[in-house]
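Trainee: Under this note's numbering, the first residue of the sequence shown carries the number 2, and numbering increases by one thereafter.
Hints listed in this document are in silico derivations from the structure and should not be mistaken for laboratory results. Mixed in with the good hints there might be a few duds.
What the hints assert, rightly or not - EDC-like, lysine to aspartate or glutamate: derived pairs with alpha carbons at most 20 Å apart: (1) Lys273 <-> Glu61; (2) Lys190 <-> Glu61; (3) Lys193 <-> Glu61; (4) Lys472 <-> Asp625; (5) Lys587 <-> Asp516; (6) Lys540 <-> Glu451; (7) Lys540 <-> Glu554; (8) Lys190 <-> Glu167; (9) Lys255 <-> Asp266; (10) Lys621 <-> Glu554; (11) Lys193 <-> Asp266; (12) Lys193 <-> Asp128; (13) Lys190 <-> Glu451.
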Amino acid sequence: MAFDLDSLGQDIRYAVRGLLRNPVFSLTAFLAATLGIGATTAVFSAVDRILFRPLPYLNEDQLVSVGLMAPVDTNEFLFAEPYFDLRRDPGPFADVTAFQAGSIATDLTEGAPIRLNALRLEANFLDVFGIRPAAGRMFTRAEDRPGGPPVALISYSLWQSRFGGEATLLGRTISLDGAPVRILGVLPKDFKMPTLTGADLILPLALNPATERNGRAFRVFARMRPGVTVTQAIAQLQPEFARALLTVPPQFRKEVTLRVRPVRDRQVGDAKAASLALFGSVLAVLLIACANVASLLLARSVSRDRELAVRMALGASRWRLARQTLTESLILSFISAAAGCALASVLLRVFVSLAPAALPRLAEASIDRRVLLFSIGAALISGVLLGLAPAMRRSGALVAGASRVTVTTRGGIRAALVTLEIAFSMVLLMGAGLLLRSLWNLESAPLGFEANHLVTARFVLGRQRYGAPEKQIAFFNQLEQRLAGAPGVEAAAISDNIPPSGGMRGRPLASIEVDGHPRIAEGTGGMVSWRYVTPEYFKVFGIPLVRGRAFQERDRDASDFTAILSQSLARRLFPNEDPIGRRILKGPHGEWTTVVGVAADVTNLGAARESWPEYYVLRKHAIDFNFQNAEPPMGWRSAVVIARTATPAIAAASIRDIVSSIEPALPLEIATMPQTLRELDQRPRFYALLLTAFAAMGVLIAAVGLFGVMSFLVTQRTREIGVRMALGATPAAILRMTLASAGRWTLAGILLGTAGSLAAARVLRSLLFHVAPWDPAALLAAAIGLCVVALGATAAPARRAAALDPNRTLREE
Numbered sequence: 002m003a004f005d006l007d008s009l010g011q012d013i014r015y016a017v018r019g020l021l022r023n024p025v026f027s028l029t030a031f032l033a034a035t036l037g038i039g040a041t042t043a044v045f046s047a048v049d050r051i052l053f054r055p056l057p058y059l060n061e062d063q064l065v066s067v068g069l070m071a072p073v074d075t076n077e078f079l080f081a082e083p084y085f086d087l088r089r090d091p092g093p094f095a096d097v098t099a100f101q102a103g104s105i106a107t108d109l110t111e112g113a114p115i116r117l118n119a120l121r122l123e124a125n126f127l128d129v130f131g132i133r134p135a136a137g138r139m140f141t142r143a144e145d146r147p148g149g150p151p152v153a154l155i156s157y158s159l160w161q162s163r164f165g166g167e168a169t170l171l172g173r174t175i176s177l178d179g180a181p182v183r184i185l186g187v188l189p190k191d192f193k194m195p196t197l198t199g200a201d202l203i204l205p206l207a208l209n210p211a212t213e214r215n216g217r218a219f220r221v222f223a224r225m226r227p228g229v230t231v232t233q234a235i236a237q238l239q240p241e242f243a244r245a246l247l248t249v250p251p252q253f254r255k256e257v258t259l260r261v262r263p264v265r266d267r268q269v270g271d272a273k274a275a276s277l278a279l280f281g282s283v284l285a286v287l288l289i290a291c292a293n294v295a296s297l298l299l300a301r302s303v304s305r306d307r308e309l310a311v312r313m314a315l316g317a318s319r320w321r322l323a324r325q326t327l328t329e330s331l332i333l334s335f336i337s338a339a340a341g342c343a344l345a346s347v348l349l350r351v352f353v354s355l356a357p358a359a360l361p362r363l364a365e366a367s368i369d370r371r372v373l374l375f376s377i378g379a380a381l382i383s384g385v386l387l388g389l390a391p392a393m394r395r396s397g398a399l400v401a402g403a404s405r406v407t408v409t410t411r412g413g414i415r416a417a418l419v420t421l422e423i424a425f426s427m428v429l430l431m432g433a434g435l436l437l438r439s440l441w442n443l444e445s446a447p448l449g450f451e452a453n454h455l456v457t458a459r460f461v462l463g464r465q466r467y468g469a470p471e472k473q474i475a476f477f478n479q480l481e482q483r484l485a486g487a488p489g490v491e492a493a494a495i496s497d498n499i500p501p502s503g504g505m506r507g508r509p510l511a512s513i514e515v516d517g518h519p520r521i522a523e524g525t526g527g528m529v530s531w532r533y534v535t536p537e538y539f540k541v542f543g544i545p546l547v548r549g550r551a552f553q554e555r556d557r558d559a560s561d562f563t564a565i566l567s568q569s570l571a572r573r574l575f576p577n578e579d580p581i582g583r584r585i586l587k588g589p590h591g592e593w594t595t596v597v598g599v600a601a602d603v604t605n606l607g608a609a610r611e612s613w614p615e616y617y618v619l620r621k622h623a624i625d626f627n628f629q630n631a632e633p634p635m636g637w638r639s640a641v642v643i644a645r646t647a648t649p650a651i652a653a654a655s656i657r658d659i660v661s662s663i664e665p666a667l668p669l670e671i672a673t674m675p676q677t678l679r680e681l682d683q684r685p686r687f688y689a690l691l692l693t694a695f696a697a698m699g700v701l702i703a704a705v706g707l708f709g710v711m712s713f714l715v716t717q718r719t720r721e722i723g724v725r726m727a728l729g730a731t732p733a734a735i736l737r738m739t740l741a742s743a744g745r746w747t748l749a750g751i752l753l754g755t756a757g758s759l760a761a762a763r764v765l766r767s768l769l770f771h772v773a774p775w776d777p778a779a780l781l782a783a784a785i786g787l788c789v790v791a792l793g794a795t796a797a798p799a800r801r802a803a804a805l806d807p808n809r810t811l812r813e814e
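The task is simple: from the sequences and hints, build the whole structure.
Mentor: In structure tokens:
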């Protein structure tokens, strides 16, 4: 053992001296390896929490989300009656629990008022997930009932920031929306809902099976019994699914399905494909870097053939020489890994700043022990791969003085490595091209309205002061009056929601009654959205009216009910008919709504999703049946002010001053429409920019590798080139011969990379917008780009070969 340790120490010292004697080689190899390991470590730290890291729940593999899937929602849900059935007979589940979809805006009204987000959970929610409060306790079943005591749990961050982490807060009463609520406990510091939504407060769900009907939607989670699979659970739930369909309108039932999926799948959603694509792309960069450094090591080994031959003649075994090479590559890899971790920390901060919401839990990513172990593992594997090719080339030929066959073979290995680098670069460029084209299509997609010069201000009226509809109406009337003629505001409107980010109210198309028309056939139509707007809405947004007229002030009479349809909805309700003057939407007391206009379609679910048809109804100065049709959790207390302005800063200040003059403590979220659109495109932009950066990184490393191998071959073939020129070969012929070699490797790499690109593009399919995974333009652009890079990398060595003096070359030989 002592001998082994001594020889290992000798190998290490010799390797370090060798690296220091060749600073250019060492620095080049170090930079390539650092880039590869650093980028891979950074991306791993981002996707680890999505794909690999265990979730912070007890026996996470048993936890599933269960419910109905319908066009009205992108996630599964259950209404009250089906959930009560499931709770009575859980079937494949050991336990089930639920919380109310959507957060509740709640005001902490003691001291300086602040707006909080609250969620309503069942009493067993934390137990189902195996979560224990950081302090205090969860509310009990006895407390989780209608008319039960007002109790709550608060988040750890709120406990620290507002109450200084005081233990005396437990059991104390605080004022929420002007009402006393007793604090029972504090949620864990790292608490996240299984939907990844945060909450400042947890309140009892307070379900009442005797009176609860199907007005509210719930997110339902369950813990499966041991040994039960998701497929088995779905099969066992079919009878309950059939009963749950009875709670869905008959016209809508054919579009509803049952879904049971693991909690991790629900959290990841469409980010799984992006995570796999990013991780695969950065692994490709690492492989390109390894191939490049291996090529450098092979070139370096040629210059050491005489030295190695002497060592073998003096008794060094082939294993000892291979171990020496492996020691050098491992030292190089581990030094690069240390620098790579520092680079990964910087890259990770860049990722978060570019798009904090692009990947689930991206903001939580850090270079922790788990990521460091990954980096060490990547360094170890890289070191072995880097040293493998030079180590395996030690042969008896070295003793004979390194024959030409050996050199040629080494050149072939380096050419193969460069071909692989080009192939991986082709895959990266193709993926980047697809995402960039998709991003371009997404950002240039027509919105249907004029987004420039718009300022928006979102708010939610406090429950304490504005719980009554009359008070809400009074607030909005006063706000609308003061917005007219405000400094910097050319025109203003108020709506319950705005395009293009969704969040609007929806209903099945089949539920819209049309005077004189039969009901729409069962199972057809899909969803329709609707908005509650003031008369200036279309002027502010610049939405053209293609037929009829816009809303007018006289339409706000208490006895008048008018609507404006989108073009797509007008075509659905009135095919080949003029909708103006027709009546739809019969009210609770027989009131019909008259269609007065048809507006151009707008993007109302984001450009990446197909928009729903929609209609608009007018906000009155008094309560009507539209206003009374409030949906939980916030009803009509939630609103958006939209202002068209040439001076956004002045308009924003005016809106803030006006709202503050009416309700001083009301929080506002003010943004310009271009800012909102940039946030909507944040995720696809992040994916495209990151993959483009990786592609550029890979191509740069591959270009360096191609330049190196061509320089190596020109040096090794100097005598051959001199002979050819002495026999009459022209510099142009030598140039063509050199470029042809690089051309063959490049073409082989492009063909191999094309096959890989078409296979890898399937992973990107869900991330693309109006771009086919086999898009010929992206494929052609990637191929041309690689050819240009290859030509640039080969040009200098080729010119050097063509400029050789045959007389001087032959004299030197």
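Trainee: Work down the list of hints and note, for each, if the structure agrees.
Mentor: Going through the hints against the structure:
no., hint, result
1, Lys273 <-> Glu61, "holds (18 Å)"
2, Lys190 <-> Glu61, "holds (19 Å)"
3, Lys193 <-> Glu61, "holds (14 Å)"
4, Lys472 <-> Asp625, "holds (14 Å)"
5, Lys587 <-> Asp516, "holds (8 Å)"
6, Lys540 <-> Glu451, "holds (10 Å)"
7, Lys540 <-> Glu554, "holds (14 Å)"
8, Lys190 <-> Glu167, "holds (15 Å)"
9, Lys255 <-> Asp266, "violated (25 Å)"
10, Lys621 <-> Glu554, "holds (9 Å)"
11, Lys193 <-> Asp266, "holds (15 Å)"
12, Lys193 <-> Asp128, "holds (14 Å)"
13, Lys190 <-> Glu451, "violated (43 Å)"
The structure shown violates the earlier hints numbered 9 and 13.
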